[in-house]
Every structure is written in C-alpha cells, then in structure tokens.
Amino acid sequence: MTSLRKIEILFLVLFAVQSQAATSDPAYISGEVLVRYKDSVSDNAIQSLSSVVAPQVRSFRKLKLKKGNHYLLKTSTKESVLAVIERIGKDPSVLSAQPNFIYKTFAVPNDTFYGSMWGLKNTGQKISGLDSFGPAFVKSEGNPGTAKSDMSMESAWDRITDCDSTIVAVIDSGVDYLHEDLAANMWDGSGAGFPNHGYDTYSSDNNPMDGNGHGTHVAGTIGAVGNNAKGSVGICWKVKIMAVKSMSDSGSGSTATIAEGIDWAIDHGAKVINLSVGGASSDPILTQALEDARQADVVVVSAAGNDGTNNDNAPTYPCNIQKENTLCVAALTQTYGLAGFSNFGVNSVDVSAPGTNIVSSWNLTPTEVTDDFTAGWQKSSSSATTWGAQALGSGPTPAMTAPANWDGSVQYVNNTDARAYKSFDMSAFKEVRLGYGVIYNTGSGDILRTYCEPGAGDSTGGTVLDAKSGLTGSSGYTLAYDVSAACGQQTCTPGFQFFTNGSVTNTGIVLISFKLTGYSQGTTGYNLIRGTSMATPHVAGLAALLRSYNPDYKAADVVISIKNGGRSILALSVKTRSGKAVDALGSLSYIQPPSGVSAQAVP
Amino acid sequence: MVLAKILRWSFLLMPLLSACGQNLGTSDLPPFFGEKEASVSWSANREKDVNTTGGGYRVYYWDQPSFSLAIAPFVDVPYVAGLQAPTSSRIKKIAAGKYYIKVVAYSAFNPQGTAGGNQSASSSEISIMVP
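Going down the list, the protein sequences come from chains F and D.
For reference, each letter of the first sequence is one residue, going 1 to 603 in my numbering.
For reference, each letter of the second sequence is one residue, going 1 to 131 in my numbering.
Hint data in this document are derived by calculation from the structure and do not stem from the laboratory.
Watch out, some of these pointers could steer you wrong.
Straight-line C-alpha distance at most 35 Å; calculated DSBU-like pairs for lysine-lysine [stated by the list, open to error]: (1) F/148 to F/422; (2) D/93 to F/74; (3) D/93 to F/78; (4) D/48 to F/575; (5) F/238 to F/126.
So that you can see chain F by itself, here it is in the shape it has in the complex:
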C-alpha cells in the first residue's frame, strides 16, 4: 500500500503540471514566491525551514527592501505558485507570502509618424499623404486597412527592441547616414577605416551617401531610432546599420557592384543583408555571393519584384536563389492582401510583409515655397472675366479668383480664356511637388486647366496637369502633383487657365492656396512609398531582432523561425511557399522541434 501511495503522488504531480499548462495564464513568475518572514528569521533558519516546509525550494535570496524581512524563494515549477504559497503560509515563522508578479514596459514608441506605420500596428487607420512624407503619394489600394493586420510589433517589443548586437547591411542606393533618425543606429566602421558607416562599390570609394532615397527608406524600416520623439520607428529601435552603396543614385546596379557589396558586407561583420534589388537573369556570380553568405552564416533577405508576376515562371534574382540562409519576400497591403504590384510564387517566394504606403526616412528634406498670389503672376484674358488676387472674408487670404471680383454671386462671362502663370526658381531642389487648393463653381463645359512647364516662359497651353469642368460646390479640392521633371534643379512655371464655353455660366474659380514643395538632400526628410523593396526590410529587421534575441541562432534558424512563426493567411497559401505574413511575436515565440534524440536502457 505504501508503494502504491507513492506512485499516486508521483502521477498527481505530473498531471498538475499538465493541467496548469493547459488552463492557467499566470501574471506571475512560475517557480518563484515572495515570502515575508518574521524579522528574527535568518538565512540559516530559512535554509532549514525551507527544507521542512517547502522541500522543493531550490534557492533563495533576501530582498534589499527598507521594510520587512522578505525573501525570494525559487521552487520547482512542478508545484503551482498558489499551492506553494498556501503551504508556506502554514509555517508559523511566515508573516505573508505572495506571487512574484510580472510587470512589463508598455512598448509603444513616441515617434512622430508611428500612427501611420500600419505594418507595425494596424488600427485600420487610413494613411494620408503629407508634404512631410516627401514627393511620393499615398496609394488607395487596401487603404484604409484592417485592424491587427500587422507584424504584432508592440507585443514583440515587450520582449526586445534592441538589435544592437547585430550588423545589418543595406545593399542599396546607399544610406543617408547623417539622417536624424538613422545616424545613431549606423554601424561604426571608423576603426576599420570606414568612417562613413560603410562602403560604395558603385563608385569604389568609402562614401555610401544615398542620393536616391531608396536605401535610406529601407534602412529606416529596419532600424530608424525608436522612441526618440521624431520621425519613424524601425523594427529594431537600436541596431547597427551598415551602408553599402551598390546602386547608383538613379537606382541601378550590376552583378559586379552588388556581388562586391555582398562580399564586403560579409567580410566586415554583417549578419543580415537586405537586398531590395532585383533583375531577371540567372547570375552565377550573384549566386556565388549568396553562397558566400551562407558559408559565413549570414541571412540574406531579397525582394520578390514589382511586376505582379509569378516568379515560378519568370524568376527574379537574387530572390529566386534559394538557400537555407535566404528569404524571398512579397508585399502586402493594409488589408493583408497581396499587393497588386507584388510578384509571387508558391515555389519561389517564401513569405510576405507590409509593402504599401510605408513611411520611413528619406534622403530629401522638404522646403515649402508658398505664394499668396499678390505679386509676379502674369495674367491675360480674352474677355471681361480676369484673374485677380483678393482678400476673402474667410479661409486663407489672399486668394486668386476668376472673375477678379468674385463674391460668390457675380457670374463670369461666356467664351472666356483667362490665364495666369508665375515662374519660380527651384534650382536648389532635386524633386518638387506642386500643391494648391481650389473651389469650383462652373457651368457644364467650363474648365480650369493647370500647367507646369520648365523655364520662365508662359506655361499655359503646355502639358495639362489637371483639368476639371462643370464642378460646383463650396467644399473645395486640394490637389498635388509631382512636378520634379519640370521644376527639379531649374526654374519652372506653373500656370492656370480658366476656359469657358458659350453656355451656362456660374460664379467662377477661387484658388485658395498655392505652394511648391522642394526637396533637397538633407537629414530630416521622410517619404511614403510602396514596393516589395519596402516589404523586404520589414523581414530583414525581424531577422536582426531574432538574431539579437537568440544569440545562438544560426542564419538557417532565423529563416526557419521567420517562415514558421508567421501568420497564416488563406489567400497567400496559393501565392507563397509558406502562405504566411511575417509576424514578430510568432517568430520570437517559435521553438524548433528538438533534434538528435537518442536513448538507451540503463543497465
């Protein structure tokens, strides 16, 4: 009977563990209790008391607290914390006992644009364009998105935000290493003779400054400084970004520049490489460079391509080069659908990640050139209706109106061709955006045309940027156009033409605001762009996060964890090999099945 009792106890304990694992969600640390003993109780006494009252106490230490004789006892996790407390409470030398509760930081970064970074936290927010987001424009595909279609970053950041132990090479158009949101997270290569945080294999010098923006955007997604109350936030709040410029400022590179970039990064300690680049030709030298990375235990993450095509049939390289250390990434919209532009391939593309309307750092910084219509506008008209500047009773003033005496009731005349244009010197800016606000009250067939032409001459009659006719209402429109071709690094001339036919008239046009935003190389710019190039660094950042979290991980482990820890999306199961959207929390939680199991009978 005695031996049977022992057996029963043995199995009760066993099942206690199972049932605890299956039902409880303790907000306290398993296997630890905090006990307040009477002040007279010493370490030695606890040693002996513990051996009687809590035979499974493995270790203990006295807490350094001002009041009370508190001890942290570490017990077997086989007995529940509450059971241990109940049992220890029966010890007459114990005044009180409680679990060791878990507290967490609330890892929500305070970066300015975090609310627009749907891939990190999707609240179903609508992403809107801001001038501070640079010359590119917001896209409507999947916008607004679906709440929680994101990488679970806030939960992941509760575990780790710091990837400082991992060097991530961005092999791209360079990186704006002076950028306010990147400078602190750049790799320090000064000791190795690379004071500019990397290398330029395109020009074979040591200055990988980004003159394009693409590489700076990619770098920010991986590791824009987190919680610094400015700009965007990276998957890693802290990391070592190595800038490798293997692409020109217009965004093209070659086998030679990219393969050299990969080998240079490997040689200088990179453990993750981001390759948001692609081409259509099988490339033995590039394939060997990825093999070099495999042998050096380096993760390589590549973009699937932006042709909307199937990489199984029309490969994209390096994405289609598949090794244990490589990942090929497709792009998702804010609703976690495959982006229309994204390549796919159930046998060639591994995972997908956020890739539309992505906010990140940019090499160009905006400067606004506003105009109040009061000076410099050249005007002409074929009728009594003319353009004129006037201060209005409400809204931005002055405005430019047609007719010049617009008051909301005066009618313009038929068969008007009223024009106005003004030249602006934009030679300091690489890219330029034209923005204006307008209220229309026009009859059918009466048109406002907008122009913008290079040079200082009359632009009206040139290429039409915008034309709207027959609109009525007082709510107004805000319009914006990329006019870099006409205005970039030169003088350009925007213009307006109010053209009316011989039928119905109305009260006319009110231009309520006007500005040109010029973008020049700087350190405070941000941009909102899309592409598999933008999806790729979400995965490279996650790779860095995983390597930093699990220092024993090899490149192949990182790849396995990203593939297995992702979130299954039904529609992606026919688009990518894993059918998964990458998920930081899932990958941090993922545990590989143990291997190398062997057993033998004990003689």
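Starting from the known structure of chain F, arrange chain D on it as the hints suggest.
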C-alpha cells in the same frame, strides 16, 4: 491483453478520482510500471526562451509508435540554472519492453495571451528496447 489496455488508460482518470478521495486500488498503477530505467539525450535548442527560467524539455514515451502526446506520460526537464536547460534525462520506473520516445521543447513565453506556454513540435520519434 484488453485488461492491460484498460489499466494503461485508467491513469488518465486518476487525478479526478483521487481528488474525490477515492481509492482506486490496482488502477493506481501507472502505465509501463516496473523497475527498469532508460536514459534519453538530445541536442540543445538554440532558442533563448528554452534555456532560461520557465523553459525546458519534456520527454514523452509510449509503447506504440506514432503516439499522441496528449495521452503519453512524460518526464519534465525544466531549465534550472546556467547557460542552458539540461539535454538529458531518465525515464524511471518502467517495465521491460519496447518504447517510443519524442522530445519537445517549451518556454514560458505565451505568444497569444491565451492559456498555456509555448511548446515546440515534437522531435522525430525514436524507439528503444529496454531488456
């Protein structure tokens, strides 16, 4: 043989019945009870969470291949101290016979905020003859 199967499964009910204070007599016997012992070892997992407090391994065993973890007894091998959780353990008090063994790794990290910890898929199943 049928009786042996019933006895083998009856331990599943034991905690419930024991909690009611009932004496189950011979059905108290665990599966495969005997005086033999087997040692099991495996390669260390590289996840940090396995090799820290709340992490570790479970060694499941059964006398039929392709067994379900849900029914099988296991030996818990938690992380205790040092750089990693133990990578070996012993299955004690078993009878002579052929056993199938699978190892899983686990961590305290709860990924979904739901019940339970986080457990790996099981290792490849191996078999062992305990003479």
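Each hint tested on the structure:
1. F/148 to F/422: violated (48 Å)
2. D/93 to F/74: holds (28 Å)
3. D/93 to F/78: holds (19 Å)
4. D/48 to F/575: Given pair residue 48 of chain D, residue 575 of chain F holds - Cα atoms ~32 Å apart, limit 35 Å.
5. F/238 to F/126: The given pair, whose Cα atoms are some 28 Å apart, holds under the 35 Å limit.
Checked against the numbered hints above, the structure violates only hint 1.
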